[in-house]
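Protein chains in written order, with the working numbering: chain X, 1 to 350; chain A, 1 to 255; chain U, 1 to 275.
Please keep in mind that the hints were generated in silico from the structure rather than gathered at the bench. Be careful, since some hints might not be right.
List time: in silico DMTMM-like cross-link candidates among lysine to aspartate or glutamate, alpha-carbon distance up to 20 Å [claimed, not checked]:
{"id": "1", "chain 1": "X", "residue 1": "50", "chain 2": "X", "residue 2": "73"}
{"id": "2", "chain 1": "X", "residue 1": "156", "chain 2": "U", "residue 2": "52"}
{"id": "3", "chain 1": "X", "residue 1": "54", "chain 2": "A", "residue 2": "30"}
{"id": "4", "chain 1": "X", "residue 1": "140", "chain 2": "U", "residue 2": "52"}
{"id": "5", "chain 1": "A", "residue 1": "170", "chain 2": "A", "residue 2": "152"}
{"id": "6", "chain 1": "X", "residue 1": "276", "chain 2": "X", "residue 2": "99"}
{"id": "7", "chain 1": "X", "residue 1": "54", "chain 2": "A", "residue 2": "54"}
{"id": "8", "chain 1": "X", "residue 1": "194", "chain 2": "U", "residue 2": "140"}
{"id": "9", "chain 1": "X", "residue 1": "50", "chain 2": "A", "residue 2": "52"}
{"id": "10", "chain 1": "U", "residue 1": "127", "chain 2": "A", "residue 2": "30"}
{"id": "11", "chain 1": "X", "residue 1": "194", "chain 2": "X", "residue 2": "45"}
{"id": "12", "chain 1": "X", "residue 1": "46", "chain 2": "X", "residue 2": "25"}
{"id": "13", "chain 1": "U", "residue 1": "57", "chain 2": "X", "residue 2": "57"}
{"id": "14", "chain 1": "X", "residue 1": "50", "chain 2": "A", "residue 2": "57"}
{"id": "15", "chain 1": "U", "residue 1": "57", "chain 2": "X", "residue 2": "346"}
{"id": "16", "chain 1": "X", "residue 1": "121", "chain 2": "X", "residue 2": "89"}
{"id": "17", "chain 1": "X", "residue 1": "249", "chain 2": "X", "residue 2": "318"}
{"id": "18", "chain 1": "X", "residue 1": "50", "chain 2": "A", "residue 2": "54"}
Non-contacting residues of chain A with respect to chain X, defined by C-beta distances greater than 10 Å in every case (computed) [what the hints assert, rightly or not]:
{"id": "19", "residue": "35"}
{"id": "20", "residue": "44"}
{"id": "21", "residue": "122"}
{"id": "22", "residue": "160"}
{"id": "23", "residue": "161"}
{"id": "24", "residue": "208"}
This one's a predicted model, so the numbers in the text were calculated from it and none came from an experiment. C-beta atoms are modelled at their ideal positions from N, C-alpha and C, and glycine is treated no differently.
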Amino acid sequence: MALKAILPMTAATLAAMSCPGLAQELNALVWCDHTDPALIEPFEEKFGVKVNLKEYEGTAAGLAILDQSQPGDWDVLVIDAVDVGRAVEAGYLAELPADQLPTQNFFPELVMAENNMVDGKTYAVTEKFGYNTISYDKTKVDPADMEDMASLTSGKYDGRIGIYDYYLPVLGLVALGQGINTADITPDTLGSLKDPLMALRAASKQVSDVVSAQTALATGEVDIVVGGGEWLTAVLAADNPNLDWTIPKQGGLRWAQSIGVVAGSTQPDLALEFVKYIVSPEGQAKLATSSCYWGMPANAKTGDALSMEQRAILRWQEQPDFLKRAQLYPIPDAALDTAMQDLWTEMLNQ
Amino acid sequence: MRALSWAYLAVAYAFVFLPVVVLVAFSFQDGRLPVPPFQGFTLEWYGRVLGERDLMEALLNSALVAGISSLIALTLGFLAAHALARVRLPGSVLMRGVLIAPMTVNYLIIALGLLTVFNQAGVRLSLWTAGVGHVVINLPLCFAITYAAMGDHQRNAERAARDLGAPEWKVLALVSAPMLAAPLAAAFFLSVTFSWDEFIIAFLLTRFDVTLPVEIWSMLRSGISPATNAVGSLVFLVSVTLVVLLEVFVFRRTK
Amino acid sequence: MGWGLVAPALLWTAAFFVLPFAAMVALSFAHMEGREVVRGFDPGNYIRIFTDWTMLKALLNSLEITVVVTVVSVVLAWPLAAIIAFRVPARWQRLALLLAVLPFWTSYVVRSYAWLLVLGQNGVVNKALLSLGLIAEPLEIAATRVATVIGFVHFFVMLLTLTIYANLIQLSPNYARAAADLGAGRWQTFRHVILPLTLPGVVTGAFLTFVLCIGDYITPQILGGNAELTLPQLIMLQLGRSGNFPLASALSVVLMAVVTLAYFASSRWLRLDRV
Chain X
1 MALKAILPMT
11 AATLAAMSCP
21 GLAQELNALV
31 WCDHTDPALI
41 EPFEEKFGVK
51 VNLKEYEGTA
61 AGLAILDQSQ
71 PGDWDVLVID
81 AVDVGRAVEA
91 GYLAELPADQ
101 LPTQNFFPEL
111 VMAENNMVDG
121 KTYAVTEKFG
131 YNTISYDKTK
141 VDPADMEDMA
151 SLTSGKYDGR
161 IGIYDYYLPV
171 LGLVALGQGI
181 NTADITPDTL
191 GSLKDPLMAL
201 RAASKQVSDV
211 VSAQTALATG
221 EVDIVVGGGE
231 WLTAVLAADN
241 PNLDWTIPKQ
251 GGLRWAQSIG
261 VVAGSTQPDL
271 ALEFVKYIVS
281 PEGQAKLATS
291 SCYWGMPANA
301 KTGDALSMEQ
311 RAILRWQEQP
321 DFLKRAQLYP
331 IPDAALDTAM
341 QDLWTEMLNQ
Chain A
1 MRALSWAYLA
11 VAYAFVFLPV
21 VVLVAFSFQD
31 GRLPVPPFQG
41 FTLEWYGRVL
51 GERDLMEALL
61 NSALVAGISS
71 LIALTLGFLA
81 AHALARVRLP
91 GSVLMRGVLI
101 APMTVNYLII
111 ALGLLTVFNQ
121 AGVRLSLWTA
131 GVGHVVINLP
141 LCFAITYAAM
151 GDHQRNAERA
161 ARDLGAPEWK
171 VLALVSAPML
181 AAPLAAAFFL
191 SVTFSWDEFI
201 IAFLLTRFDV
211 TLPVEIWSML
221 RSGISPATNA
231 VGSLVFLVSV
241 TLVVLLEVFV
251 FRRTK
Chain U
1 MGWGLVAPAL
11 LWTAAFFVLP
21 FAAMVALSFA
31 HMEGREVVRG
41 FDPGNYIRIF
51 TDWTMLKALL
61 NSLEITVVVT
71 VVSVVLAWPL
81 AAIIAFRVPA
91 RWQRLALLLA
101 VLPFWTSYVV
111 RSYAWLLVLG
121 QNGVVNKALL
131 SLGLIAEPLE
141 IAATRVATVI
151 GFVHFFVMLL
161 TLTIYANLIQ
171 LSPNYARAAA
181 DLGAGRWQTF
191 RHVILPLTLP
201 GVVTGAFLTF
211 VLCIGDYITP
221 QILGGNAELT
231 LPQLIMLQLG
241 RSGNFPLASA
251 LSVVLMAVVT
261 LAYFASSRWL
271 RLDRV
């Protein structure tokens, strides 16, 4: 008897839970740095809404999620800046009013109009950037060695290297090590990256995601992380001041993430407000120092919203030089992307 | 021989308990990393964990999904077991086979199959879809346990009730179910346990609202931390309390 | 009347188990063109699984790990179950068993995480061995296959102890006595009487171990540290990173086929309805 009474009651509770109160909800498909409550809560309070966040890894997975969704499922999308074109092509992004975005305050290299705009229309705005290079513990390796990628596979650091488990930047770095620009990675040149990639794998102890790589570096399980950068070491700066990073002489990669409003959003105005909040100095400062990983804010006016210490960790002063020496991520088409992922999977299972 | 036995027992218990002891011990770590050396005792991590909104929501979600999906699995399983144990139906061996089949299939496959169908049917992922998956894995269990428990004793009582003019639903609710209270309880709590702890189905079939194992998984992805130890210890404490209560109040009595 | 009662369960199983499985099999014969799933009858995914060394290796890794885990777990659990059944006084047996499986009730994700803490470079095991002077350098256990196996064995020893114990206590002491009366030695009694009689418990537990182990994603993902890929990890990579549902489906069908083979191999002794 009680059973009969409980069932509808709990069902009702469950239904109520899935749409709490009457508060408006914003559904965002994001990278893990956006899940920091310190970033999201001020927006939720200001607009009296709830922001639902779903993380994803890698553009292919993000696009697959959008593929399987219905119009209106998503309001906001965070995506690799170099992949904005792919999302626009698939019809997932809505046009943004360019005049409402503070891009005039951005670092000039980070406006990235060629990526964020398609046919003269703006579809996304850069929000955060940084570098994929080499992170290391300066008390355990010779910092001079870190200026040359060749020293990684010289045998000196065998078993002390961790590789960041993301195929695009690491294959890009390997390409730079071979003197190939990231833009010149093609199905033909990809073959020549296999041996150096496998050599790097052979010299390394593990291939791991952001957090495992951070933990391994912080606890001394590895001394070098290939593909790392400020985003990897900054969170740990307080615990382990010996961690450092550099851009070797062969160069490094610059990553950038963009944010936009999803086409078909049922609340485009609120979604735009969220985008504007993220690129405002307040949102930018919180995003730059988010708990998942740190990174440089795209908006150069954010400097005042960051403490001196935070700016030092982000190497604010050195950005002009870094920006000059770093290349963008490879932008593979579907076939090359599959080939790169297959090479990566092969490396993982070597 | 006897000494060797006790030594083996001691080593086995040490192995079985080692991770739990380490987990609980370092949940009190006064430092950022839950590894030796032990830097002092603090309850800070428990405070932090209990104050975390997402985690508490996930806990509630897990309880709801486990409770509701187990109730459905138990009801369906009990009714089917009742029918197949009492009435001779053509193809009943085949039907038993079909009902038991999900038991031998990996959760990952069940999850992927459901994901494919939900995607094609345009069903939005939610706690409900994860709950559907949990019913699929628990239905065979509930069916098998109740089916095995049905004996002549119940059959006679049911027949008597029917002879006295009770409609079938009354026979089920007032005669069969109470007589099978113990196996029904066992099936229900086993289902709750499986659902409560299930990861891959919940991971692949939920969207924003997630269950506890999925939430813990995303916590893990933000690094090893005594906070994760604290969550693990709390879950352990709750589960063990439940097990002990069940042992004392349900299973002991039925013996 | 009977149909009405059995129908809901059958319908549920048909709609949410049989149908999804069929849909997955159908999808496994589709292929990707760019990001588009192209349906059809294309065995390309299966050909790839059995010709691409990366895929094949993942299957082999899974099989190796699963077989090692199953054998080690049975070998460790049998004596434990026997000691609890025959050495521990009857009134303490239930408590002993409850204690032996208590860590069962920690969350499954957390259990692997706990082993990571125990086995890590700076973990308890290494710190203890170092301070005892038994090793000079920390052992590299975490992020290797050994860690995955230890994590699995821990869980399945508990499971197998239960199934074997349940089998042992049903044995009448008369069997052993009869064997002794007939002049069998202790070893002979064990080898020819007790062991064969526990085969159903052993096989049932071993089969469950096999199924759960080969399909598990969490333990190798947390403890194996990407040092190598298992089949479930490969499936999750195809889902999570490449969005290649057809290939993930084909890999799942292969996984299913392996489990089915294991089922037929052990079906003679299986007592699934008694678990």
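- Query: residue 208(A) clear of chain X by more than 10 Å, beta carbon to beta carbon?
  - Reply: Contrary to the label, residue 208(A) does not stay out of reach of chain X, its closest Cβ about 4 Å off (not over 10 Å).
- Within a Cα-Cα threshold of 20 Å, do residue 249(X) and residue 318(X) meet the stated pairing? The given pair, whose Cα atoms are some 16 Å apart, holds under the 20 Å limit.
- Pairwise hint evaluation, residue 52(A) against residue 50(X), where the allowed Cα distance is 20 Å at most: Roughly 16 Å separates the two Cα atoms, so the pair holds.
- Query: Does the structure keep residue 276(X) and residue 99(X) at a Cα separation of 20 Å or less?
  - Reply: Holds - the C-alpha atoms of residue 99(X) and residue 276(X) are around 11 Å apart, at most 20 Å.
- Does residue 160(A) sit more than 10 Å from chain X, CB to CB? holds, 22 Å
- Query: Is the hinted pair residue 54(X) and residue 54(A) satisfied, with a Cα-Cα distance of at most 20 Å?
  - Reply: Satisfied, since the Cα-Cα distance of roughly 13 Å is no more than 20 Å.
- Pair hint residue 156(X) and residue 52(U), alpha-carbon separation not exceeding 20 Å: violated, 33 Å
- Item | Status of residue 122(A), Cβ more than 10 Å from any chain X Cβ | violated, 6 Å
- Given the hinted pair residue 194(X) and residue 45(X), is their alpha-carbon gap at most 20 Å? violated, 50 Å
- Straight-line Cα separation of residue 46(X) and residue 25(X) no greater than 20 Å? holds, 13 Å
- Beyond 10 Å from each Cβ of chain X, as asserted for residue 35(A): violated, 7 Å
- Message: Just to be careful, I want the Cα atoms of residue 57(U) and residue 346(X) compared with a cutoff of 20 Å; is the pair within it?
- Response: Roughly 10 Å separates the two Cα atoms, so the pair holds.
When the structure is compared with the earlier hints, violations turn up for hints 2, 3, 4, 8, 11, 13, 19, 21, 24 and for no others.
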